[in-house]
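Next come the chains, spelled out residue by residue.
Number of protein chains: 2
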Amino acid sequence: MTDHQQQNDIEALAKLLAKLPGLGPRSARRAVLHLLKKKESLMLPLATALSETAERVGPCAICGNLDSLSPCRICSDARRDKTIICVVEDVSDLWALERAGAFRGQYHVLGGTLSALEGIGPDNLNIRGLIDRVDGGGIREVILATNATVDGQTTAHYLMDKLGRFDLTVSQLAHGVPVGGELDYLDEGTLLAALKSRRPF
Amino acid sequence: MTDHQQQNDIEALAKLLAKLPGLGPRSARRAVLHLLKKKESLMLPLATALSETAERVGPCAICGNLDSLSPCRICSDARRDKTIICVVEDVSDLWALERAGAFRGQYHVLGGTLSALEGIGPDNLNIRGLIDRVDGGGIREVILATNATVDGQTTAHYLMDKLGRFDLTVSQLAHGVPVGGELDYLDEGTLLAALKSRRPF
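So the sequences go chain by chain: B and V.
Residues in the first sequence are numbered from 1 upward in steps of one, following UniProt numbering.
Residues in the second sequence are numbered from 1 upward in steps of one, following UniProt numbering.
All the pointers check out, no bait thrown in.
Where chains are identical, the list cannot tell them apart; a pair therefore holds if satisfied intra-copy or between any two copies.
List time: in silico SDA-like cross-link candidates among lysine to any residue, alpha-carbon distance up to 25 Å: (1) Lys-162 / Ile-62; (2) Lys-196 / Glu-141; (3) Lys-37 / Ala-148; (4) Lys-82 / Gly-129; (5) Lys-39 / Ile-62; (6) Lys-82 / Gly-137.
Source of the hints: derived by calculation from the structure; they are not laboratory data.
Using the sequences and the accompanying hints, generate a full structural model.
And the structure:
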């Protein structure tokens, strides 16, 4: 009886938890213990939240944001600017921009970047949806807010190319010194970009 | 409509996940995204595993181990030595000893340590259960495997005192250099203990 059912229950749960980013096998076991000690206040609410959120939340048909409604609440918010679309790689980037609270337009979530290495081409991303939105008219600016990585910038260049035939402004996020950042810790590329884009004081 | 229901779903889930040890607010949000991308293969199985494990698994009436049976499979395993009890603070310590595979007796889980600071006295721990088990007879050795912390050692001394009136051996884990450990990185207490308990080569 070395193949304990109890071990199976607990270990199966630990194995599932270990698949979450940020949790390894050891911290997943710690998490299981923590959960078993807080069944009513944490474990069962978490089970319910997981199944309910899985059932309710899905991608918005317009922008790809995750929401329990489609179109999502950003797309259907009348107070947001419909003429400007900010293109991001992932929903996490959309969340980051929303947390910053500095953007009041629409979004478009690509669902990744072009990657020759991983075999991700334009058809694997939500690019056709973006072109269709722009083609539908009424858009005056597209901000390409892909990450400042090689793949992110490759994707931005590809989109720039695709969007060139439309009568609109295509922009990208500024490079520079992060607010609160120390020059000593920045890479040369960032410093170069920050110098090149220097502004009058 | 700033109080989005969608934000509530996703953020409520993130808040619950952030209560797990090892996950902060940021990694909890990353985990939610990861889960939403793997609904069928991870999110729903995790929800099921959580509710099933919560329902099935509870503390063993004899030793306090977590199991879907009570008495647990260690207590009811006929091949394990019934005459020796290893006392641990927490189920995680029991798991660690079981992973090491070096102990084939019974366990007793205290559920913590005595702590004057946190107001945890003998009645808050599963100490009466241990005394009852020893009082029941048939035990020849109790190993006090509480942690080598101040609270752990205080608890061990308290238990030593309580167990003194029984006719049995009370032992504790050896202190010394961890296997694979480098002397340079060890604290003086450990080095002193390792020297004091030195053995012929």
